[in-house]
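Participant: In order, the protein sequence lines correspond to chains C and E.
FYI, in the working numbering the residues of the first sequence are 67 to 351.
FYI, in the working numbering the residues of the second sequence are 22 to 343.
None of these hints come from the bench; they were simulated from the model.
Each hint should be verified, as a subset may be incorrect.
Stated by the list, open to error - Sample of chain E residues facing chain C (criterion: CB under 10 Å; computed from the structure):
1. K79
2. L81
3. V130
4. L134
5. F146
6. A153
7. L157
8. L160
9. V260
10. G265
11. L271
12. Q304
13. V309
14. Y310
15. G311
16. F318
Unchecked claim - One side of the interface only, derived from the structure: several residues of chain C facing chain E at Cβ under 8 Å:
17. L98
18. N177
19. Y325
Beta carbons are placed, not taken as given, at the ideal position from N, Cα and C, and that holds for glycine.
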Amino acid sequence: MIAILFDGIVQGLQLSLLAVGITLIYGLGGVLNLAHGQFAVFGGVCAALLLAQGVHAVPASLGGIAAAGALGVVVDRTLLLPAYRYRGEERLLLGLILTLGLSFVIDGTLNYRFPHFSLTLHVPLQSVTIAGIPMRTAGLATSLIAILVFAALFAFLRWTLLGKAIRSIIENEVGAELCGIDPARTRTFIVGLAAMMAGLAGVAQGLFSSLGTEMGPEFTILGLLVAVVGGVRSVNGTLAAGVLLGIVNAFASHYIGAYIAFIILLSAAMATILVRPQGLLAHGT
Amino acid sequence: MSARDALARYADLAVVAFGLALVPLFAGDSPYYLRIATLALVYMAWTVAFNLIFGHTKQLFLCLGALAGSAAYVSVVLAKELQLSPWVTIPIGAGAATLLGALFSYVSVLRGLGVIFLGIVTLAFSLIFHNAVLGLRQLTNGETGLVTRGLGFALLEQPKPGYYVFLVLLMLSLVAYCVLMSSRTGMAFRALSDDELTAELAGIDVTWHKVLAAAVGSGILGLVGAFYAFYNGIVSPSVFSFVGVDIPVLIALLLGGMRTRLGPVLGAAAFALIEELVRPFGQLNVLVYGILLIVLFTAFREGLVAMLRKVFRGSGPRRDRA
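So here's chain E without its partners, still in its complex pose (with noise of 0.2 Å):
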């Protein structure tokens, strides 16, 4: 591939991190937006993983607060009571969260366990992490969380070097997602995300494609996860809960659009801002989620980037479909 051409493909990606690096400048000194901006890239890379786990292969994973989370809580314990740097104890977070998702897959796929009973799997998971925390009360702090402030992430304590790291997962995600989707392993996903019998039948390896994308998914999942443990302060089964991130970012995929490049950043960035509206109301957000899940699932199941697509394409020049 010449250089011409990798600029051409990536061409919106760099559109993207350009707008979200200037972000930083608008929201001025105020911590508050920063905050909100930094927490919605959090979103977009979880997103992005989860489009790889559930857009691409139909596995209906019903833990990604559970999977960040136990990379959180990983490495957060493993830096407090071994003195270890995050750097060390970072990645092997992020290790362990690939291997839980990769395992989840592989088990669901050996016995053939459809999305729903690899969804109720996956939410049993769910709900054992969030008692493994509360019940290990000396090793997590139970309810309350642990500090994460200090324990050697220097870098992550300031607002805004803080966003830019995100910003760096955020790119690296999206890259890795574009360069699997791009081989011949993202053909294997298209293929078997369409019917995955014929797949099979034509020779494509149905379990490593679908073991991959989880456990690409995941180690995302984990690694954003234990990053954001450490930007926020304080790690609690609160951060990681079901309602906390499960249901935005399954959210964010349906609004977005899920298959599609751009569809998880944008649908994270409209997630963010819905919510903000919503604050005021208080308990009121887990209705609007409810009535988003809904609507979503109902009449807008293409999403953000098909519909804006169709604009497009409905007052500009046609063009050929790539």
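For reference, chain C alone in the conformation it holds in the complex (with noise of 0.2 Å):
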């Protein structure tokens, strides 16, 4: 029972992880990305081939998430420039298309150079126990990894004069202009950061179970409900979202099956949408 729960807050954080990025990059840039969940996998995919040449596993973690973050931060300079060009509705539906697209260049790619991959990395201690409740160490590991993020991101968006900054675009794009703030570089950086946290997830997926290269549609999906379910715009939302879809879902699995489980979250998420477009959290639009 307990254990169920741990293993649904562990998979809630990784999914926030994602999710956040996706809510974000939607918040900032305009841009739903669809590509987000093949981040997290060329993340993991880095990690593992700098695992393979040697390095040590903490190394090799930072590195394929700062392979992902390098990733993000290309496709906006490059790949997103027509979609900025128009704003609203226009750029929505571009961006889509575009990172749609981007997906499956992603997701071809990996399929045909790395057919039988898998990253799995092993942590020493295979279980602790505490307060008489065993929990597997990569689980704990991958939760307090996210909790903390969460909290430099929190303070990141709410002391600093960046974090500001990015509040105000998300706010009004063209009054954060007027500011003078410059949403072209502050968007770069944070879909750099979307990205850098979506490489975290898919190298904690390695930790706490293992990944493969074709899991991508699966993480964006699941991200996607859950940054859709949070309320696109809202930080908070998608954290609290994420957790409680990854409870939902880890006891829904583990008492109705999984095929069924997965139907009751998309039809949450889809009655969500339409009673709550704004989101769980938001006040209003």
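Taking the hints as your guide, dock the two standalone chains into a single complex.
Facilitator: Spelled out as structure tokens, the structure:
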């Protein structure tokens, strides 16, 4: 019972890591990134390649995360430029199709180059017992990292000048530009940051169980659902929604079976879009 | 409208029908090429439907495979479980798809969902469909799928008659499309694809027209999907997957040109050709889809029809714009 809850929270935090990137890119760039899960897989693959070169697990993971971030920056500076030329609905549509295309390009390349790939990171200690409950160290570690990253993100958005600038762009892009904020540079920074968080989620998946090249679409879809349920402009909403959906998913797949659980999850997301398009925690628009 | 007017108006359709009717002669007796040609017809009809939904009324349905698949599964399962004739169950399946499409459209207009949110809702439906098929194992036989051969549709099980059945379906879809577009409804579609608010102010019932386009489009998707299930000999989730239906149709529509009459036909034909070229490379087809999507959407948004029109206008005598 408590083990399921714990599993759900671990998975939920990981989903939140993915989803928060989607939220940030959507809020700041007005692009719904359909290649986000592929960023995660890319990060994981790079980490695995470094591992294969004999690099120690920690720098390899950091390298993978950095590689995902670099990919994000490159994508923002090249592929998404045509989308940024438009505003509003037109930009959303173009961004959606471009990132969908990108997701296929990344999936196709990775599946072709590394057909039987899987990343598994081993932790020295298999499980620890805290307060009488056995917990897997891997899950504990990924959760801790995720919580730290979220804390850092909140602090960054709340207290630094750049964070304030980012929030102002999310509120109103034109207004922020009039105040002397350069949306393009901030956007590149955020896409890079979001891609790094996706890379972290990918590496964490390798730590928690194992990561394969075919998991990109699944990551994207789950991240998208969490981002939508959390309200695509709200970072705290995304965190809450991720943990919530993670727990629901863990319980549902344990008691009713994976297919029905996923259907319940999807229906919940659909209902949220229809009833509260602005997300669970958002207060009006 | 006099007979000559009608002839002039539908001359291009007649040419297409004639040209496509000749294809089996060139394919000779090779069942392989005939199958590819038949598949191309299926995708052409689906692209015509998507043109109506996305091209004309800007509703991003990312559940084309799921709609066609719902119709296919409904008709196959009914035919199997209740021993009904496919002639009865196919219309039921197509009707189910029509209702689903109309429902999505109506709900999205009612809730004021933009392009993106409708896209996500329909994408979620795609996944629900996929998981439901896998989950309802006793009815659908899960990943393996159901064998549809011998369920009473002998006509579709021979290569050549099968081809002509789909040709008839495609022409029916095209005629339905042309009739819609040349009526007041078509005017309304054009108006609301330019600017919905202005169209609404001009007295056009935007909700009704969007739901109509979605319903007709989904009906075509479902009808062709159900026939395809019986032609294919097997119906499985992979036949109607997102990558297998939605992406090719989206690419074909962009390739041919949105909001054109023959764009979907040209686009789907071109796509069939491209797919045949990359087939030897196996897994790489996904990569090619991605590159096509990106290139088409950034550099080639008008599509083949507009390009051909430019070429012909440049060389031939100048005609006034109709």
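Participant: All hints, please: hold or fail.
Facilitator: Status of the hints after comparison with the structure:
1. Because the closest C-beta pair between E:K79 and chain C is about 9 Å apart, less than 10 Å, the hint holds.
2. A cut of 10 Å between beta carbons decides the hint on E:L81: the least distance to chain C is about 7 Å, and the hint holds.
3. Nearest Cβ of chain C to the Cβ of E:V130: about 12 Å, over the 10 Å cut. The hint is violated.
4. At its closest, the beta carbon of E:L134 sits 7 Å from a beta carbon of chain C; the interface hint therefore holds under the 10 Å criterion.
5. Checking E:F146 against chain C: minimum C-beta separation of about 7 Å stays under 10 Å; hint holds.
6. Among the interface hints, the one on E:A153 holds; its C-beta lies about 6 Å from the nearest C-beta in chain C, closer than the 10 Å criterion.
7. With its C-beta approaching chain C no nearer than about 9 Å, E:L157 sits inside the 10 Å limit, and its interface hint holds.
8. Below 10 Å, beta-carbon pairs count as interface contacts, and E:L160 has none with chain C, the closest being about 13 Å; its hint is therefore violated.
9. This hint is violated: E:V260 has a C-beta 18 Å from the nearest C-beta of chain C, more than the 10 Å allowed.
10. With its C-beta approaching chain C no nearer than about 13 Å, E:G265 sits outside the 10 Å limit, and its interface hint is violated.
11. Because the smallest distance between the Cβ of E:L271 and any Cβ of chain C comes to about 8 Å, under 10 Å, the interface hint for this residue holds.
12. Contact between E:Q304 and chain C, as hinted, is supported at the beta carbon level, the nearest pair being about 5 Å apart and thus within 10 Å.
13. The beta carbon of E:V309 comes within 7 Å of a beta carbon in chain C, closer than 10 Å, and the hint placing it at the interface holds.
14. A hinted interface residue such as E:Y310 counts as satisfied when its beta carbon comes closer than 10 Å to some beta carbon of chain C; here the least separation is about 5 Å, so the hint holds.
15. At its closest, the beta carbon of E:G311 sits 3 Å from a beta carbon of chain C; the interface hint therefore holds under the 10 Å criterion.
16. The interface hint given for E:F318 holds, since its Cβ lies 5 Å from the closest Cβ of chain C, which is under the 10 Å cut-off.
17. The beta carbon of C:L98 is positioned within 8 Å of a beta carbon in chain E (closest approach about 6 Å), and the interface hint is therefore held.
18. Interface hint at C:N177: satisfied, since its Cβ lies 5 Å from the closest Cβ of chain E, which is below the 8 Å cut-off.
19. Interface hint status for C:Y325: upheld, as the beta-carbon distance to the closest one in chain E is roughly 3 Å, under 8 Å.
The structure fails hints 3, 8, 9 and 10 (numbered hints given earlier, in ascending order).
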